[in-house]
Amino acid sequence: MSDKKYWQNFEELNQNEAEQKKLKKEFKEELPFEDLSNENIFNAKTPRRDFLKYMGFSTAAAALAASCEMPVRKVIPFLHKPDDMIPGISNYYASTYINDGDAVPVVVKQREGRPIKIEGNDLSSLTNGGTSAQCQSSVLDLYDTTRLRYPQANGKEATFEAIDKMLAAGLTANAGKPVVLLTSSITSPSTKQIISEFLAKYPGSRHVQYDAVSYSGMILANEASYGKKAIPAYHFENAKVIVSLGADFLTTWLSPVVFANQYAQNRRIDEEKPSMSKHFQFESHYSITGANADERYLHKPSETGAVALALLGALGGGTSSNISGKVAEGIKKAAAELSANKGAALVVCGSNDPNIQIIVNAINEAIGAGGKTIDWNTPVNYRQGIDADVLALTNDLNAGNVGALLVYGANPAYSFFAADKFIAGVKKCPFTVSYSEKMDETTELCKYIVPSHHWLECWGDAEMQTGYVSVIQPIIHPLFKTRQFESSLLKLTGNANDYEAYFRNYWITKLGSVENFEKFLQDGVIENSQLKTQSAFVNVSDLTSATAGVTSAEEADSASQKINPAVPLPVMSGATFSGNVADAASKISSIKGGETEMVLYQKVSIGTGSRANNAWLQEVSDPISKATWDNYAMISPQMGKSLFGVDIFNRNDMDKYEVHIQKPIIKVTVNGKTIEIPILIMPGIHPNVIAMAVGYGRQSINKDKTAEYIGPAANGVGVNVYPLAYYNGTTVIYSAPVTIENTGDTYPIAQTQVHQITEGRPVVRETTLANFIARPGEVQEEREKELKKFGESFERDGTLYPVIDKPGIKWGMSIDLNTCIGCSACTVACVAENNISTVGKYEVSRFHDMQWIRIDRYFTGDPQNPDIVFQPMTCQQCDNAPCENVCPVSATNHSSEGINQMVYNRCIGTKYCANNCPYKVRRFNWADYNGADSFPDNQRGIISDATTELNADLERMVLNPDVTVRSRGVMEKCSFCVQRCQEGKLNAKKEDRPLKDMEVKTACMQACPTHAIVFGNVNDKDSQISKLRARAQNERKFYVLEELHTLPNVNYLEKIRNTDRRVGSFVEKES
Amino acid sequence: MNQLTRLFLKITAILLFLTLISSRELLFAADGETLFKANCASCHKPLEAYVGPALKGARQREPSKDWVYKWVPNTTVMVNTDPYAMKLKSQFGNVVMTSFPDLKKEEIDAILDWADKYTKPGGTPEGPVTEPQSDNSILYGLLTLILAVIGFVLLQVNSNLKKLTDEKDGLKSPTPVPFYRNKAYLLLAIIVLFLFGGYFLVEGAMGLGRMKGYQPVQPIYYSHKVHAGDNQISCLYCHGNAQDSKHATVPAVNVCMNCHMAVKSYGGKPLVKEDGTAVNANGEIEKLYQYAGWNPSTKTYDKPGKPIEWVKIHNLPDFVYFNHSQHVKVGRVQCQTCHGEIQKMDEVKQFADLSMGWCVNCHRSTNVQFNDAQGHGNKFYSIYEKFHEDIKNNKYDSVTVEKIGGTECMKCHY
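Chains A and B, in that order, give the protein sequences.
In terms of UniProt numbering, the first sequence is residues 1 to 1071.
In terms of UniProt numbering, the second sequence is residues 1 to 414.
Hints were generated in silico from the structure; no laboratory data involved.
Check the hints yourself; a few may be wrong.
[To be verified] Below, computed lysine-lysine pairings styled on DSS-like, alpha-carbon distance capped at 27 Å:
#1 B:Lys-312 x A:Lys-81
#2 B:Lys-329 x A:Lys-985
#3 A:Lys-806 x B:Lys-386
#4 A:Lys-1027 x A:Lys-788
#5 A:Lys-1021 x B:Lys-386
#6 A:Lys-996 x B:Lys-329
Small disclaimer: the values here were computed from a predicted structure and weren't measured.
Whenever a hint applies, use it, and build me the whole structure from the sequences.
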C-alpha cells in the first residue's frame, strides 16, 4: 500500500507552497485578528466602546424580543377528512419520473397532500429500485415558482374554454397546410394512441419527435442493419466483457439507471468466488463511465469510427484503420477479451453517426451479442427522434409550409444545432401552440400557451421498453391553472373524455378488469410479454409495419386479449444483420479530424439542460471536475501548458492556477461559430481535445426575462454549446475540429473538492482482481498490522475512554467502492430528504457548500492519464468521535444506537467539531440560507437568487416536515437519516414486533442505482449489513482512517479493478 | 481583622435576606386552594352557585358549625335525613354531592377558609401566579428591614468608634468617604444586584415561550367536560390519530357532525365561563352547524361549509419532534398525564409547561413496556437481550425509557 498514491487535486499531488500554507490555516479567508493586537486595540476597526455598544444593543434587542407576546397559532382541521390521509403520516404512491423520454419507475412520498420525496420502485426489474440525481431532484420542479400558471393567448391570460375554441378555430383556419405536432420522445402508449387519433382528425398532419441530444444515428443504423427503426434493449448484466466507445452508459447514455443496475450485478464481488466483468472504455474525455472502467484509452472524437473499424478488424471483420499507439494495443486487448467471451460480451457506442453504429452492430454480431446481451424482442422507447425529420420541419417552417405547430416537451429553440433557423421558422408559422409546463425558449415564441401539468400532477403511463410499462398517477392536485397535454389534445380531437377517463378506459380494456387496473396503480409497473401495447419507436403512421418483424409471435390483437399476469417475459432474441459494413467503413474513413477537436457531453446532473432551473441539480458538483453551477471546457494538462503556460505538474506553476477560483477564458471557434468559455485543466482527457457540457447557457430571447421565464437557478449559468454541434447530412454530430485562443480574461468557477484534503492519509483502498484472488486477506493483514500496536483489542485498548454498550440497535452502513459509480443520486436524495440548503455559486466558491454526502474523487496512477476512484463520504458516525470531545456545549454527542448526534438548538457555532473532524463532513450554516433571519435584506449579495427563490412559500412545500430546517450559525451533518430510523422503530413498536431488516433505508441507500450502500442494524446478526461485514471480514472491509481510533460506523469495501496494470501506483508501469 | 468582621457581617446580612426571599416560595403553598381544585372545583365555585352552592360563607349559611364535617364524608345518607341537605338538593336540580370520606376536618376547614378569603381575581385567570402578599411575609420583610437598618447603624457606629480610638491613639485615619462611595458597600450592592438580576434573568429566560396555563378563547365554546367527562366519550373517538400519527389532530367537522346530526341541543348543567358569564350551549351547537353548512330542519348540508379555526394551545418549538402514537399506542400513556384532567375542563388550558425538563423527568421515571413472563408488553423490545437477562437475574425489575436511550438528543431533536 505504501507505494500507492491517491490525490484529490494537483496541489495535493505536488505539495506546493500555497497548498501547504492553506492547509495550515483554519479558515480560507483572513480573519480580522491582527486588529486586536495589543498596540492598536484602540485603533481597531471594532474598538472596545463599539463592542460595548453592540453588546448593549443586543441585550436590549434580546430583552425586547423576550417581552414580545407568543404568537397565536391556529389549528385548522379538515371540513371532511379524506379517509386515506392522516396528518403526520406519509402516503406512498407508485408513479414514474418522465422527462424528455427518460423514464424511471418511482414511488412518491406524499405528506399532508404534498409530494416531498421520490424513491425508486423496487418492483421494477429494470431499475430494481434505483434512481438518478435528475429523478431525485424532479420533486423540486413541481414547486418551481417560474412554472406557467395559466393558459395564455397572445401573451394574455385566457380560460381553457376560450383557448380551446381559439385553437379549434385556428387549426381549421390553417387546414390548407399540414399541422405538425413536435414533441420529445413519447414513451406513453396511451399518449401515442391519442396522438394517432389527433393526426387522423387533421389529414396531412404529422408527429415529429425531437431529442435534445440525438440518438438517431443508432436508430438509422439499426434500420440499415436489421430493418428495425429502433433501439434494442441492452443487457449489461449478461456481459462479462463490456466495451464502450465513448458511451457514458452509467450516467447519461440512453437509460443510465437501468444500465447502472445491470452493470453493478457483474461488478459486485462475491467473496466466495471472486469474478467480475471487464470493462474497456475508449473515449476522448473523462466520463463517469470511463472512471469506472478497468481499462481506458484516449482517442480523438474523430477517431471513434476508426477505433470501431479496428476493433471489428481485430475480431476478424475484415476492416482496418490507421489507429496506432496505446489505443491500438487497447483494441487488441479488448478484441482478445471479446472473442474469448463470445455470447457474453457487449459493445456500445455513444456516437451519433449511423455509419459508426453500423460497424458497432457488426461487432456485436461478430461477438454473438444478439439474443444474449442485446435483445430485439423488447426494444426501448427512450429516444425516438430522427434529426432529419426535425431539420425537415425547420425547413418547412421557414418555407411557410406548416399551417400550425404544436409543441410539447421539446425545446429546439435552445438545444437544436440550428436553433437560429428554427426560431426564424417558428416566427413565420401562422399558428403556434406550446403545451410546455415551463416558459422556455420555444414556448416564448408561441402564440398560444396551454401549460401542461408537472408529472407529479399527471395521469399517464410510460413504456420504457416493450412490455415494461410503468404507471404515472397524480400525487397532488394541480397547483396552477394547467391542463395535461393529453387532455388538451383530446379536446382538439373532439373527444368528450378528459385524459383521466381515457387512460382508465385504455388500461381497463387492456388489462381486462378493474382489479387488474387497480393492481397496476398499486404496483406501478407491469412487466408482461403479452403487453404489446405499442411500438413507439416509429412514427405512428407506420406503426404496424415496423413491429411486424419483432413481434410476429404475438401479433394477435392485444387489446382484446386478457393479460395473464403470470406469463413470463419473452426469451431474448437477436435479429438478422444485413448492414453494409464496407460502405459504412468507407464513409467513416472519409471523416476528417482536426489538430484540436471538441466533444460535447452531458453532465450527470444537468443532462440536456431541460431542467436547468433546478437549484439542487445545479449545486451537485460534477463527479469528475467537482465543479458546480457552470459548464466549462475541460482541457488536458498538455494543452494547459501550451495555451496558458501552466504546468500543473510543476509545483511553482500550480500556484498560478489551481488555488485560484478564477480560471482563464478561451475562445472556441467551430465551423465559424464562436463562443467564449472558461477552462478547467483535467488530466485523463485526450491532449488535443476539449470537452464541454451541454445544458447550460439557458437564455430567454429577451435577455432580461431569463430569470423570470427560465428561472433564477438557470439564469446566467454557463454557456450554451449546442450551436457547436453540426449536421453531417444524416445526423447531428456532437464533436468537431476546433480552433482555440486564449482571451486573457478569467471567470470564477466554484469547485467543491479542492479544499477537503486528507493530507496524504490513505482513505481509499484499491486492488486488482488478480491480486485480490491471490491475496484476498491483504486489506485485513494491513489493518491488523496497523492496529496491533494498540494492544489486544483495538476498540478497548486504543483509547482512554471506556467502551460504551450499544444494547439495542446499532446502526451501521457499508459502502461498496466497487459498485459505486459516482452518479451523485445519493447526494440529491440526501438534499431532498434532509432539507439541505442550496447555497449558490458564490458560497460554494467560498467552500460553504452544505451537502451532507459528497462524492470524493481520487486520482491515482499516471498523472497524465490517471485512474479515478470515487468515494461517497459522509459522517462516519464514529463511536469515538473526535468532534464530540471538543464541543464546549455538548451539542454533538453519541447515542446508544451508534449515531453521532447533532443538536441544532444547542449548537452555538464554535465550529470546533468541524475543525476536529478528520473526514471533513461537518457543514456550517455560514449564512441564513433558509430565510429565518428577521432582517430580510441581511443576506443580499451572499445568498444567490436561486437560494432566495427556494425560500418562497411555494418552494418550501418540498421541505420534509420531520427534519428541522437549520438556521444560521449552527453546524449540521449526516444523521444516518435518524428520522427514518425513528419512524422504522416506531412502526415496529406500533405493530408489536421486532424491527425487520431493510425496513429502515437511508435516503442515499434508497436512491443508489447500484445498491452500493447497505444500511441496517449491526446488532442483528441476520441483517444484511451484519452478513456483509462478516462475509467481508477477511476480505475487502476497511474503515477510513481507522488508526485514529475514531471507530466509524461506516465501513467501505475495497475497490477492485479487473486489470493487469498495477493500480494506485504513482507511475504506471507499461507492460 | 476589623475589615474581615465587617465583611462577615455584611455577608450574613445578605444571606439572611436571600433566605427570606427564598422562603417566600414556601409561603405560596395554599393548602385550601389545592384541595379545592382537586376535589371540589368540578362542581363548586367559591363565589357563585355552580353545580353546587357557592362555598364562600357556606359555614355561616349552614345550620350548625359542625354540620359540614358530617355532610362531606356522608352525603348520600344525609341527603335523605337532614332537612338542610334536602333543601339544597331540591335547590340544585336533585343532584347529590359526591361523598369525600377521606377529607379530614382540617382539610375541610382549609378549603372553606380559602373560599371565605377568596376574592374575584382581576386579569388573567392563571398564568404566572401573583400571590397576594401574606401578612407573614410583610412581617418578615419589616423585620429584615429593621435588622438591616440596625446592622447598618451598628456598622456606622463601629466605624466611628474605631475612628475615635484611632485618633486617640494618634493614628491618622483615612479621609472619611460617604457610604455611597464606600467601595465595600458598592461591592455589596453590585453582588446583590447581580444575584437578583441573574436569578430573574435565568428564570425569565427559561420561561420564554412556556405557556403553562394558556387558555385561549376558542371560536366555539367546546366543553371537554361535557363530552369527555359527563358523556364519557373516549378521547380517541375524536383524536383517533393520536394512535397512528405524530399529531393527535383536532377532529374534522364531519367527526363532530357524526353525533351532532342527532344531538341538537344541550340538556346538561348550565355552562358557565370562567369569568362567570353563562354560555348559550345551544348557540354553540348552532355555530357548529354554521361551520358544517348543516341545516338541522331539513337535515341536509345545504350551505357551503368552512373549517373551524381553532386556537392551538399546545405548541412545541419547530426543533422538537414529538410523536403522539409513540406515547399513546406504544407507551400506553394516558392522555391526562400530559394534558391534565381534560375531562374536567370546560375550556382547555395547557396543563404542563411542556419544557424539556418536564419531558426528560418523565422519561427518567417511566418504565418501558418490556415483554414480561405473561407476554404483556411490546415485542419490539425483545432486542434488548441484556436487559431481559438482567431482569431475569433480578438485577433490577424494570427498565426506564432513559435506559434504552430515551433521553438522548436525537430522540426528539433532528
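Status of the hints after comparison with the structure:
no.: 1; hint: B:Lys-312 x A:Lys-81; verdict: holds (19 Å)
no.: 2; hint: B:Lys-329 x A:Lys-985; verdict: holds (13 Å)
no.: 3; hint: A:Lys-806 x B:Lys-386; verdict: holds (10 Å)
no.: 4; hint: A:Lys-1027 x A:Lys-788; verdict: holds (25 Å)
no.: 5; hint: A:Lys-1021 x B:Lys-386; verdict: holds (15 Å)
no.: 6; hint: A:Lys-996 x B:Lys-329; verdict: holds (20 Å)
Consistency note: the structure conflicts with none of the earlier hints.
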